[in-house]
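Undergrad: Chain by chain, the residues:
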Amino acid sequence: MSTTLPFAQTETRSNYLNVDYGWKSWLFTTDHKRIALLYLFSITAFFFVGGAFAVGMRLNLLTPEGLFAHDTYNKLFTMHGIIMVFFFLVPSIPATLGNFLVPIMIGARDLAFPRINLLSWYLYIIGGVIALTAVVQGGVDTGWTFYAPFSSTYSNTHVILTAIGVFVSGFSSILTGLNFIVTIHTMRAPGMTWGRLPLFVWGHYATSLIQVLGTPVIAITLVLLGLERILHAGIFDPAVGGDPVLFQHLFWFYSHPAVYIMILPGMAVISEIIACFSRKSIFGYTFVAISSIAIAVLGFLVWGHHLFVAGQSMYASMVFSFLSFLVAIPSAIKVFNWTATMYKGSVSYETPMLYAFGFIGLFTIGGLTGLFLATMAIDVHVTDTYFVIAHFHYVMVGGMVMAYLGGIHFWFPKISGRMYPEGWAKFAALIVFVGFNLTFFPQFILGYQGMPRRYAHYPPEFQVLNVMSTAGASILAVGYLIPMIYLAWAWRNGPKAPQNPWNAKGLEWEQSPTPPPTFNFDHQPVVTEPAYNYSGEEQEVELGRQ
Amino acid sequence: MGVFSIFPARASTAAGEVDALYAFLLVVGVGMTALIFFFVFLFAVKYRRKSPDEAAPKAIHGSLPLEITWSVAPFLVMLVMFAWGTKLYFQNYTPPLHDTFDIYVTGKQWMWKVQYPTGQREINEMHVPTGRPIKLILASEDVIHSFYIPAFRLKHDVVPGSYQTYWFEAKEPGRYHIFCAEYCGTNHSDMGGWVTVMTPNDFENWLAGGTGGSMRDQGEKLFQQYGCVTCHVTDREGRCPSLLNVFGHPVVLDDGRTVLADEAYVRESILNPNAKVVKGYKHDIMPVFQGQIGEDGLLQLIAYIKSLSPPMPRSGKAAAPAPAKGSK
Numbered sequence: 000m001s002t003t004l005p006f007a008q009t010e011t012r013s014n015y016l017n018v019d020y021g022w023k024s025w026l027f028t029t030d031h032k033r034i035a036l037l038y039l040f041s042i043t044a045f046f047f048v049g050g051a052f053a054v055g056m057r058l059n060l061l062t063p064e065g066l067f068a069h070d071t072y073n074k075l076f077t078m079h080g081i082i083m084v085f086f087f088l089v090p091s092i093p094a095t096l097g098n099f100l101v102p103i104m105i106g107a108r109d110l111a112f113p114r115i116n117l118l119s120w121y122l123y124i125i126g127g128v129i130a131l132t133a134v135v136q137g138g139v140d141t142g143w144t145f146y147a148p149f150s151s152t153y154s155n156t157h158v159i160l161t162a163i164g165v166f167v168s169g170f171s172s173i174l175t176g177l178n179f180i181v182t183i184h185t186m187r188a189p190g191m192t193w194g195r196l197p198l199f200v201w202g203h204y205a206t207s208l209i210q211v212l213g214t215p216v217i218a219i220t221l222v223l224l225g226l227e228r229i230l231h232a233g234i235f236d237p238a239v240g241g242d243p244v245l246f247q248h249l250f251w252f253y254s255h256p257a258v259y260i261m262i263l264p265g266m267a268v269i270s271e272i273i274a275c276f277s278r279k280s281i282f283g284y285t286f287v288a289i290s291s292i293a294i295a296v297l298g299f300l301v302w303g304h305h306l307f308v309a310g311q312s313m314y315a316s317m318v319f320s321f322l323s324f325l326v327a328i329p330s331a332i333k334v335f336n337w338t339a340t341m342y343k344g345s346v347s348y349e350t351p352m353l354y355a356f357g358f359i360g361l362f363t364i365g366g367l368t369g370l371f372l373a374t375m376a377i378d379v380h381v382t383d384t385y386f387v388i389a390h391f392h393y394v395m396v397g398g399m400v401m402a403y404l405g406g407i408h409f410w411f412p413k414i415s416g417r418m419y420p421e422g423w424a425k426f427a428a429l430i431v432f433v434g435f436n437l438t439f440f441p442q443f444i445l446g447y448q449g450m451p452r453r454y455a456h457y458p459p460e461f462q463v464l465n466v467m468s469t470a471g472a473s474i475l476a477v478g479y480l481i482p483m484i485y486l487a488w489a490w491r492n493g494p495k496a497p498q499n500p501w502n503a504k505g506l507e508w509e510q511s512p513t514p515p516p517t518f519n520f521d522h523q524p525v526v527t528e529p530a531y532n533y534s535g536e537e538q539e540v541e542l543g544r545q
Numbered sequence: 000m001g002v003f004s005i006f007p008a009r010a011s012t013a014a015g016e017v018d019a020l021y022a023f024l025l026v027v028g029v030g031m032t033a034l035i036f037f038f039v040f041l042f043a044v045k046y047r048r049k050s051p052d053e054a055a056p057k058a059i060h061g062s063l064p065l066e067i068t069w070s071v072a073p074f075l076v077m078l079v080m081f082a083w084g085t086k087l088y089f090q091n092y093t094p095p096l097h098d099t100f101d102i103y104v105t106g107k108q109w110m111w112k113v114q115y116p117t118g119q120r121e122i123n124e125m126h127v128p129t130g131r132p133i134k135l136i137l138a139s140e141d142v143i144h145s146f147y148i149p150a151f152r153l154k155h156d157v158v159p160g161s162y163q164t165y166w167f168e169a170k171e172p173g174r175y176h177i178f179c180a181e182y183c184g185t186n187h188s189d190m191g192g193w194v195t196v197m198t199p200n201d202f203e204n205w206l207a208g209g210t211g212g213s214m215r216d217q218g219e220k221l222f223q224q225y226g227c228v229t230c231h232v233t234d235r236e237g238r239c240p241s242l243l244n245v246f247g248h249p250v251v252l253d254d255g256r257t258v259l260a261d262e263a264y265v266r267e268s269i270l271n272p273n274a275k276v277v278k279g280y281k282h283d284i285m286p287v288f289q290g291q292i293g294e295d296g297l298l299q300l301i302a303y304i305k306s307l308s309p310p311m312p313r314s315g316k317a318a319a320p321a322p323a324k325g326s327k
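Protein chains in written order, with numbering that gives the first Met the number 0: chain W, 0 to 545; chain F, 0 to 327.
So that you can see chain W by itself, here it is in the shape it has in the complex (with noise of 0.2 Å):
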């Protein structure tokens, strides 16, 4: 991939991709939209690689005697999770299609600061090689969680080197996110108002503050948890003198906001798509776009739901539980206007509609499972086990990376200047929404029985379910490699794009040329009406603004 694209095609016009095709041209690009291509290889690389250890605890999970033996599971589930969350997860939109995608929505000839987004790609590169080492060299058995006094004191696997890798990685996520606040602050083009801005960018700004405050907690919890490791520093391990719970409060002060890295962004792809193919102006522009602030903040004050049973006072753990009620109210807000905007509008069917159908159905039971969790009582008894387990892969699995893939689909031709399949793409589009849920809603049931999260081994009475969701893994895996091969195909060989082949609104597909020019408009665009102005009634023209 570090060679060139094919895109041999005679072209007129000069664009991102035909400018130039050496190997430096890509490595050393600091062109926003060859980064986000970069970005978008190695994700989908790392993807597949944290989708292999699945696959290996799913074969792991058909009889209750496991196949593997304890250690290689106990690794498999720590590489699966710490792959995808810091290595797939949240970089996944951001750095992909926010990256590509949030200059040219706002009218900017790049992000503000080019170089320091090349930089962000080499430090999620080093991030991943440093974790893959760790791999490789025989993994790490601790939980993608860390906690602490196993990972610090008993474990005898490559937490160092593993934590090195996300630590590092973490600076990328940083800069990114400075990058989007910077860049959505200081570049819009005349007449972007913030009351204009699309809702993809208010998702992508809400997910930059996070990654810029959050992030530098988790590296601090990692450095502290090397000093406990090397030095025996004797703070998070009680028997010299730490606090386990308090590795805990670390970890989530950042990993629970860091859920919503991972979820706004697919909010802010679903607001576009459903817009697009409803023809009509997002309902209740305004509260998708707050709600989305509104997430990012409360979202940094729910962190101890995830100490309910760990010995936190109980009087924290009713306040956590309440702030935990009050962050599902802008995610509700959301999945409302998202439905009402369907209202009298003139709908069809193309693939990004077809996921964010997806997305609508899983991330409502996600989110509303989310709040058995936040009731205290029931989080007692499900806690730790697969309802957890089933409930953040319906967040994060049939939420983000349908979101994903219905992102994909959408900008697909802006970014590669071709039309993708669509039957393809429909019957994938299906094949992964059948497959997914065979997989996780027995685990639900699966949960509620009492069936323990990290087990190699299960008690006999599971394993019908068990079954039950390996098989859907199986029709989950056929349905992210067919993407895969008629993504590849379409590069290639798709029928050329029209600049606007969706009709849709927006600075990328209405002033952008396809594939974009490296500065992405021949013309300093000008904005002069709302977001999604799809009845096309308000032209007034408001140039105030620079």
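No lab work stands behind these hints, which were simulated from the structure alone.
Where a beta carbon is used, it is the ideal one built from N, C-alpha and C, also for glycine.
Each hint should be verified, as a subset may be incorrect.
Footprint (simulated), chain F over chain W, 3 or more residues, beta carbon under 8 Å [stated by the list, open to error]:
id : stretch
1  : 95-107
2  : 364-374
3  : 447-456
Just some of the chain W residues that point at chain F, by a computed CB distance under 10 Å [to be verified]:
id : residue
4  : Tyr72
5  : Asn73
6  : Gln247
7  : Phe282
8  : Gly283
9  : Tyr284
10 : Thr285
11 : Leu306
We have chain W already, so just place chain F on it with the hints.
TA: Frame of chain W, contents of chain F only:
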């Protein structure tokens, strides 16, 4: 127990209450999901694009009354979930102050050691009677574990360096899973066992079976062995507080605070005596026992110290859990 039954066996008084709350959330959750699916489906079909060049529909920008409605209404329902869940949580995690039967559980990689005040010890097995509040005192010798009994709908992490407790009242005789629910290393998934719920009669018979001396007796031996007895019972020079009638009573500290002398307090005072010194006594008199006594020994010492306080006066509703302040 059918494989597809949603609810596992209900073997404690809490199980039915948690299931009732769960059923309430299920009804709300399924109802909300159905509502959203219905409207998505309805709008997607009813307003589908009939021809590719259909004119764009009129914009609808939103509706403040609707936004308020669909923010406030779910919030009110969530308040019910919050209040109900919080009340039950405080109830299940607040053991009754009196008349509990205490069982001491120590987790270590990868087994559960269970000790009874009467001296019985078991590995990965726990026997409890029906109809009597059982209080678990949970300790860990190494990493964090979690003592989970799905049939009781209860678990609590077992955190090294501290005691955690919860309580239950078993209802249905039978054998039920114990799981370790917090990942603890290689054989985490084998760190399980069984709790056997017995009728009170059977349990009395079981307790009458062989024992190597009660926990209290073993604790008394340790109490003498470590020299505690020289100060804490017979001392006349006022160097240390007497331990008679201390357990279960409030203690005034030298910084003016008042704490309850419970298991966690006694444990801390043994391991790190300077942490909470009783009013009127000096620091640095008692040796620090951190790292000197194992978790088993600590539990035996505590059982002995408990025995130095005669039974509490019983009131009529002694077994009822203390109502948690602010839990509503």
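Undergrad: Could you work out which earlier hints the structure fails to respect and list their numbers in ascending sequence?
TA: When the structure is compared with the hints, only number 1 turns out to be violated.
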